[in-house]
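These protein sequence lines are chains Z and P, in that order. Our numbering applies: residue 1 is where the first sequence begins, and numbers increase by one. Our numbering applies: residue 1001 is where the second sequence begins, and numbers increase by one.
Hints were generated in silico from the structure; no laboratory data involved. Please note: incorrect hints may appear among the correct ones.
[What the hints assert, rightly or not] The calculated lysine to aspartate or glutamate pairs, modelled on DMTMM-like cross-linking and capped at a C-alpha distance of 25 Å, are:
hint, chain 1, residue 1, chain 2, residue 2
1, Z, LYS63, P, GLU1019
2, Z, LYS37, P, GLU1133
3, Z, LYS37, P, ASP1112
4, Z, LYS75, P, GLU1019
5, Z, LYS63, P, GLU1133
Small disclaimer: the values here were computed from a predicted structure and weren't measured.
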Amino acid sequence: MHKLLLLALALPLSGCFLTREMVNEPIAPASVEAVAKLTPHHSTQSDALALLGAPEQVVELYKRSAWLYRHVESKRVWLWLGPLLLTNVDEQSDRVWCFFDEEGRYVCSGASLRAESAEFTMPWTDPHTPEDE
Amino acid sequence: MRRAAALSLALLASCVSFEYNRTLQEAPLHEDAVAELVPGRDDVASCLQRLGAPTHVWPRASGELALAYGWAQSTSWGVQVSVALRGTSAPVFDFDSLGSRTVGYVLWFDRDWRYQRSDYGHLEDLRRGLEHERSAARFDEHAPGSP
């Protein structure tokens, strides 16, 4: 009886909600494959622009440069159990870096597409293992 | 008895709440993948191919370069107390302890973008080392007798 009463009291005092936030549009795997096919020291920044659009960030590397394309996805869980609040944030991203030489010609690129792996999860579970790329 | 009742009321009204927060940012990099890199043989292109895109690209002095792969698994706990005072908005007192910061690997490259070495640690500390390196390089450039 007491347990049922406690449960009846606890239920209205608990609650949860989920939020999802995104930065920039997701990066299409087809675009990443297309960028990887650019020809080093021949393809240009214009070619990269045509495939991926404007970068989020340009890092000047002395006379060379690197462009960052990024999409971030954050999933947050809030769980109230009476006076106890548990929260978990899982933030993962898609990233593509393109490197260019002094003349603005493509040198190389690297991509990691992990934004989709962000999960709504509780603080005591581990949804990610080390990257095997 | 009255104290217990007051405490119960405070807890029920969420005047006092206990928090546990965890933040996961990016996934850890596999240490074996970093250990396989060979100084002088690997370059930026081969490192990108093996490890994927870094979280940060940092310029170094004279065209040298650093790639940083960072992630965070931080936990924090806290107690929040809200007290309503007459005529003012309710102040909130927070006590938090942040468990950890962003950690990761930084790969260092020479001016030909050849791989030199890697360091593991807090990215903030590694970046601070980079700032010192750049400052020293600027000082050398402006030193009397420098080319």
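Verification of the supplied hints:
| no. | hint | in the structure |
| --- | --- | --- |
| 1 | Z/LYS63 with P/GLU1019 | violated (49 Å) |
| 2 | Z/LYS37 with P/GLU1133 | violated (35 Å) |
| 3 | Z/LYS37 with P/ASP1112 | holds (22 Å) |
| 4 | Z/LYS75 with P/GLU1019 | holds (18 Å) |
| 5 | Z/LYS63 with P/GLU1133 | holds (19 Å) |
Taken one by one, the earlier hints fail for this structure at numbers 1 and 2, listed in ascending order.
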